[in-house]
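S.K.: Please construct the entire structure, taking both the sequences and the accompanying hints into account.
The primary structure of each chain is shown beneath.
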Amino acid sequence: MRLLLIFGGLAVLAGLTACKEKPAEVTVTETRELNLSDEPPKLGATSDQRFGQPGIGGGGDVGAGEYAFVKPGDWVRRPGTEFRLLNFVAGENEEVEIYLSKSRGGLIGNIARWFRQFGKPEPTESNLGALPRLVILGGEGILVETAGTYSPGMGRPEAPGFALAGVIGQTPSGILTIKMIGPEASVKGEMERFRAFCASLKEVE
Amino acid sequence: MAATLPSKQKHPLRKVLDFLSGYHLASALILLLGVLTWLGTLEQVDLGLYEVKRKYFSASNPFLVPKYNGYTIPIILPNAYWVGMLFFVNLLLGTIFKARWRWASSGTLIAHAGMLLMLLGAFVTQHWSTRGNMAINEGETSDVAQHYFDHVIEVTEMEGSAPSKVHVIETKHLKDLDPEDTRLFRMENLPFDLKVEGYQSNARPVTPGQPRNGDRGTLVDGYHLEFREDEVESERNMGGCKVTVLNKQGEKIDEFLVWLMAFHPATVRVEDKFYTVKVNKSSWKMPFEVHLTDFTHEYHPGTMRPKRFESEVERIERGQKEHVLIKMNEPMRHDGLTFFQASWGPQNARPGQDLFSVFEVVKNPADKWPEISMWIVGIGLLIQFGMKLVMFIYNQAKRDV
Chain A
1 MRLLLIFGGL AVLAGLTACK EKPAEVTVTE TRELNLSDEP PKLGATSDQR FGQPGIGGGG
61 DVGAGEYAFV KPGDWVRRPG TEFRLLNFVA GENEEVEIYL SKSRGGLIGN IARWFRQFGK
121 PEPTESNLGA LPRLVILGGE GILVETAGTY SPGMGRPEAP GFALAGVIGQ TPSGILTIKM
181 IGPEASVKGE MERFRAFCAS LKEVE
Chain B
1001 MAATLPSKQK HPLRKVLDFL SGYHLASALI LLLGVLTWLG TLEQVDLGLY EVKRKYFSAS
1061 NPFLVPKYNG YTIPIILPNA YWVGMLFFVN LLLGTIFKAR WRWASSGTLI AHAGMLLMLL
1121 GAFVTQHWST RGNMAINEGE TSDVAQHYFD HVIEVTEMEG SAPSKVHVIE TKHLKDLDPE
1181 DTRLFRMENL PFDLKVEGYQ SNARPVTPGQ PRNGDRGTLV DGYHLEFRED EVESERNMGG
1241 CKVTVLNKQG EKIDEFLVWL MAFHPATVRV EDKFYTVKVN KSSWKMPFEV HLTDFTHEYH
1301 PGTMRPKRFE SEVERIERGQ KEHVLIKMNE PMRHDGLTFF QASWGPQNAR PGQDLFSVFE
1361 VVKNPADKWP EISMWIVGIG LLIQFGMKLV MFIYNQAKRD V
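Sequences listed follow chains A and B, in order. All residue numbers for the first sequence refer to our numbering, where the first residue is 1 and numbers rise by one. All residue numbers for the second sequence refer to our numbering, where the first residue is 1001 and numbers rise by one.
There's no promise every hint is true.
Facing chain A, from chain B, some residues (calculated, C-beta under 8 angstroms) [said to hold, decoys possible]: (1) VAL1144; (2) ALA1162; (3) LYS1175; (4) ARG1186; (5) PRO1211; (6) MET1261; (7) HIS1264; (8) ALA1266; (9) PHE1274; (10) GLU1314.
Since the hints were derived computationally from the structure, they do not count as laboratory data. Where is the CB? At the ideal position from N, CA and C, for every residue including glycine.
M.R.: Structure follows, in structure tokens:
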């Protein structure tokens, strides 16, 4: 009974505090100091440039610095990072990630790591030849497909039922990879668009 | 007929004091804290850490109804914040009024003091600690941490092409807004005001032709903001809203959408001066710069589980450089701030590739209080049990004699 009284009292108090009306106007005086990340922004950017989705619904050529490509209509472009030169999401709930990266090192090392992330045996030089090929930047790229439990590492949770489709190719400036990772069914559903995207990729002079 | 003696009635205040300082209440509260922690841990799987902390440990929700695996558990429980507060009061009153203040109980009193300090530390952490993260690429320098969850709207004054001053609409003015709400922000030191509509903590800009995944806000320049459920990992939320720029007479100058993950900010030109407007994560300038010299990592053999990762940094303060090594369980503590080695990337980097390191930055006045309180409790219990042991041996020896 006494406990009920205490908790009842607390509930009334909470009810009273919750009745505060939302203000329609607020005066803003707060500022913050400039820091090293405050770089000069691009002024006058259009909504298409700001949200990175020109040609949605119909696709379109989009420059991304050194690359041009045709973005599949229902992919959504996201800001890149230092290591994701192009970055997209796809699927009904944006559950599939597609990104283009440049790296150095050997083809076999990169492919081995992709398989390792899915707990699959690493390929050897001799069975690389059995993997299918895709045209990428006018050259030959190796298409890697695997599925299972994806272990992204770094304490991030494992994702069962995931799949990877990745293309890796040697270019004059190093190794180029295009990876698509997500739930297996969604990755399969995006496969045709992934191939079309890879085929459309061009280096801009 | 025997006369009945009038019973000695306790004063009502004394009754309240007895109840608040009683062992029964203490036992009930400890049990409740255990149950709440257990249920919170279970619900974290569905709700995410941030939402669970808000539901189970925030002062603003006195009561909660737990859920497990999507199903509601039909009980109303008090919030752990208030249970903890009541437990602090109970422990304090119990220590003052119920405990025996004599040498023989000194160990218990010390242990109680330790527990009080621990609860006080939790209170200070809840109200006065700040957390954020700082990501730095190898060879680069940073002086800012970003909060994990708090979104703000920043209006930046431009001098030529460079930012000169940043005005901030803080999280506290945004987080109570629902998509149907409108709020006018009077920018005291700017020649215009901003009207914010349709604010959503998690949204995506979409064009009308895209498949619909949720309610949509007003169409502005070919884009809607589509509202999404908050992510389980709340740091992945991408807030956005519609902003209308008004002159001081209330006339519209411009309108646009702003969104956390936009590639560029929106630009406003007023009286021949440029300003940018964007949603950003609330940032927090450090009193020193951190330069990442090198990052190294190592996995357990044959797994993707990190065995060791560490960052060699230079802490640059007033022109002085100091080399510091930050490891997984060996943070850098300086000037009231603690830098924990939190993560790194890119995850698929190959040997020799440049990496970036992510530090969790924490400012918590009660940072070391749990450790100190554990020592105090430990010493208290050692004294108490030590004295009991000595007394037992003494009594046994006396009896034998």
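S.K.: Now tell me, hint by hint, if it's right for this structure.
M.R.: Going down the list of hints, with the structure as the test:
The beta carbon of B:VAL1144 is positioned within 8 angstroms of a beta carbon in chain A (closest approach about 4 angstroms), and the interface hint is therefore held. Look at B:ALA1162: its Cβ gets to within about 5 angstroms of chain A, closer than 8 angstroms, so that hint holds up. For B:LYS1175, the interface hint is violated, since its Cβ never comes within 8 angstroms of a Cβ in chain A; the closest pair sits about 11 angstroms apart. Satisfaction of the interface hint for B:ARG1186 is found here, the shortest Cβ-Cβ separation to chain A being roughly 5 angstroms, below the 8 angstroms cut-off.
Taking 8 angstroms as the C-beta cut-off, the interface hint given for B:PRO1211 holds, the closest approach to chain A being about 7 angstroms. Interface hint status for B:MET1261: upheld, as the beta-carbon distance to the closest one in chain A is roughly 6 angstroms, under 8 angstroms. Hint status for B:HIS1264: holds, given a least beta-carbon distance of 4 angstroms to chain A, under 8 angstroms. A cut of 8 angstroms between beta carbons decides the hint on B:ALA1266: the least distance to chain A is about 7 angstroms, and the hint holds.
For B:PHE1274, the interface hint holds, the least distance from its beta-carbon to any beta-carbon of chain A being 6 angstroms, beneath 8 angstroms. A cut of 8 angstroms between beta carbons decides the hint on B:GLU1314: the least distance to chain A is about 14 angstroms, and the hint is violated.
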